[in-house]
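Student: First residue of the sequence shown? That's 148 in this note's numbering, and the numbers climb one at a time after it.
Incorrect hints may have been included.
Simulated crosslink set (DSS-like; lysine-lysine; CA at most 30 Å straight-line) [stated by the list, open to error]:
#, residue 1, residue 2
1, Lys538, Lys388
2, Lys406, Lys538
3, Lys388, Lys406
4, Lys488, Lys285
5, Lys572, Lys538
6, Lys315, Lys285
7, Lys304, Lys406
8, Lys304, Lys315
9, Lys406, Lys285
10, Lys406, Lys315
11, Lys538, Lys488
What follows is a list of derived Cβ distance ranges for each label pair [said to hold, decoys possible]:
#, residue 1, residue 2, range
12, Leu636, Gly289, 28 to 38 Å
13, Arg468, Ser418, 25 to 35 Å
14, Gln494, Glu319, 23 to 33 Å
15, Arg275, Thr254, 25 to 35 Å
16, Gln236, Val552, 52 to 62 Å
17, Pro293, Gly216, 51 to 61 Å
18, Thr329, Arg215, 17 to 27 Å
19, Met193, Ser460, 14 to 24 Å
20, Gly341, Met193, 18 to 28 Å
21, Gln364, Gly637, 25 to 35 Å
22, Thr273, Gly295, 37 to 47 Å
Worth flagging that the hints you see were computed from the coordinates, not collected in a lab. Since the structure is predicted, the reported quantities are computational estimates derived from the model, not experimental observations. Just so it is clear, CB atoms sit at the ideal spot from N, CA and C, and this is done for glycine as well.
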Amino acid sequence: MGRENISPMLHLRQKVCVRWFLHRYLAFELSPSHVWNGPIFYPETMTDVLVVGAGFAGMVAARELLRRGYRVVVLEARDRVGGRVLGGQVGGLRVDFGGTWRGPHQTALDALAAEFGVGRIPQYATGRRVLEIGGQRKTYRGLVPPVGLRAAWQTGKAIAQLNQMARKLPQEAPWQAPVAATWDAQTVADWQAGVSSEAARRLFDVATRAILCAEPQEVSLLYFLAYIRAAGSLESLAEVKNGAQQDRLEGGMHGLAQKLGESLGESLVLSSPVQSIVQETDSVTVHAESGRWQARRVIVAVPPLLAAEIAFSPPLPDRRRQLQVSMPMGSVIKCFAAYAKPFWRAQGLSGEAISDSAVVSPVFDLSPPDGSLGILVGFIDGAMARMWSAKTLEERRAEFVRCMVRFFGPEAAHPLDYADHDWTKEPWSRGCYEGYMPPQVMTRYGAALREPVGLIHWAGTETATVWTGYVEGAIRSGQRAAQEVAVTLG
148 MGRENISPML HLRQKVCVRW FLHRYLAFEL SPSHVWNGPI FYPETMTDVL VVGAGFAGMV
208 AARELLRRGY RVVVLEARDR VGGRVLGGQV GGLRVDFGGT WRGPHQTALD ALAAEFGVGR
268 IPQYATGRRV LEIGGQRKTY RGLVPPVGLR AAWQTGKAIA QLNQMARKLP QEAPWQAPVA
328 ATWDAQTVAD WQAGVSSEAA RRLFDVATRA ILCAEPQEVS LLYFLAYIRA AGSLESLAEV
388 KNGAQQDRLE GGMHGLAQKL GESLGESLVL SSPVQSIVQE TDSVTVHAES GRWQARRVIV
448 AVPPLLAAEI AFSPPLPDRR RQLQVSMPMG SVIKCFAAYA KPFWRAQGLS GEAISDSAVV
508 SPVFDLSPPD GSLGILVGFI DGAMARMWSA KTLEERRAEF VRCMVRFFGP EAAHPLDYAD
568 HDWTKEPWSR GCYEGYMPPQ VMTRYGAALR EPVGLIHWAG TETATVWTGY VEGAIRSGQR
628 AAQEVAVTLG
């Protein structure tokens, strides 16, 4: 799955492997001792820039540099492109198991999609939303949930306060804010404790898990505020209309990733995990499963936690090493069910649901525009994802169905199909949506996020200052890293 249309991308790796095999065979036949002393590497393994990772960040960086005339090779550990964007199927319909949506002001993603002729599908949001909080199920329209006047006022006040706090942070360097140390010493849960309404606190718990796939007590308040700052507001992160979930892409986000990968041609080498990166005076040697590669510069475009598994010589500065081991990945299982029709729409429901107690929350309607099939997508996130990762597919399906019946009634009891993807079990992601920062990580190590180390540059959505954690952020980070490299190479 997710391997369609990628065979042209394998040419470079196949070419190197065939030549390696011929040389090894000839060396074995011609050597008097019949001893092979290791692979011989050919001139095409020397390049200007080597990119580690073929997610959006790495592929965009590579494409920008190729357009400027540089020789580029992209090494990807998986047998596919896209990174944390992945295609799948449910009910015979193509869906995104990974990143899915785009929102307004995500101009880099919009430009890339337009370049490849990929249109948008508005996220269905017509009708009432389902809210389940404190054991009670309610439905509502608009932005204000039906939690009572006091709780609604407290929620609105808290949102405004978070947005105001976020605006105080320097977008490029939030750790430099005068209040950074104070906020970085707190968790999101610590801050939420100051909200007097229990219902409002429950709503913030749900929002934190949905946005970061982590528990409020695990995340630094400073990091959360920087995340809000990067998106513009908390509403931009949470909402459908005028928010991050406003549209999907025709053919899916992974379809766009595939088109981007195809545009790289022979520069892309799949199934090639990088084991070590060795810096010398004016070049870098990268040891990967596909062989040894030399480049004038390297862009590492993988999550910090995965970068920590690469052996660097000489060792990275302590601040960078500490950063990489201090940014755990979020935990999420993305679940889908297909029904004969989007039956909830006849009830006047939008298909959106959130709950402070259900295993699956939030939920959205991902049905095709013609309504020929009903598709619900739901998320198991945070600590709940870590627990349910140990369950079987059948157990998760049964629990998903139970949750949908709670939200949408007995018609949800018998889906035609079910599928899910557990991102905590992805060896080359270790989770989703992004690596987040616990307390006292940003102020101690945040400055190392984008700071080059000799000939090594860094990309990935974690390094973005606009739409951190999103495909938009990944694209912008790739553009920034490519510009850095182009300036240094001249």
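Student: If a hint holds in the structure, say so; if it does not, say that too.
Tutor: Going down the list of hints, with the structure as the test:
1. Lys538 to Lys388: Roughly 35 Å separates the two Cα atoms, so the pair is violated.
2. Lys406 to Lys538: It is violated: about 35 Å lies between the C-alpha atoms, which goes past 30 Å.
3. Lys388 to Lys406: holds, 27 Å
4. Lys488 to Lys285: holds, 23 Å
5. Lys572 to Lys538: holds, 12 Å
6. Lys315 to Lys285: Answer violated: Lys315 to Lys285 is near 36 Å, above 30 Å.
7. Lys304 to Lys406: Answer violated: Lys304 to Lys406 is near 44 Å, above 30 Å.
8. Lys304 to Lys315: holds, 17 Å
9. Lys406 to Lys285: violated, 43 Å
10. Lys406 to Lys315: violated, 39 Å
11. Lys538 to Lys488: holds, 29 Å
12. Leu636 to Gly289: 28 to 38 Å: At roughly 52 Å between Cβ atoms, Gly289 and Leu636 fall outside 28 to 38 Å, so the hint is violated.
13. Arg468 to Ser418: 25 to 35 Å: Cβ of Arg468 to Cβ of Ser418: about 27 Å, so the range 25 to 35 Å holds.
14. Gln494 to Glu319: 23 to 33 Å: Violated: the Cβ-Cβ distance is about 47 Å, outside 23 to 33 Å.
15. Arg275 to Thr254: 25 to 35 Å: Holds, at about 32 Å.
16. Gln236 to Val552: 52 to 62 Å: violated, 24 Å
17. Pro293 to Gly216: 51 to 61 Å: For Gly216 against Pro293, whose Cβ atoms are near 59 Å apart, the range 51 to 61 Å holds.
18. Thr329 to Arg215: 17 to 27 Å: Check failed, 43 Å falls outside 17 to 27 Å.
19. Met193 to Ser460: 14 to 24 Å: holds, 19 Å
20. Gly341 to Met193: 18 to 28 Å: Given range 18 to 28 Å: violated, Cβ gap about 58 Å.
21. Gln364 to Gly637: 25 to 35 Å: violated, 48 Å
22. Thr273 to Gly295: 37 to 47 Å: violated, 26 Å
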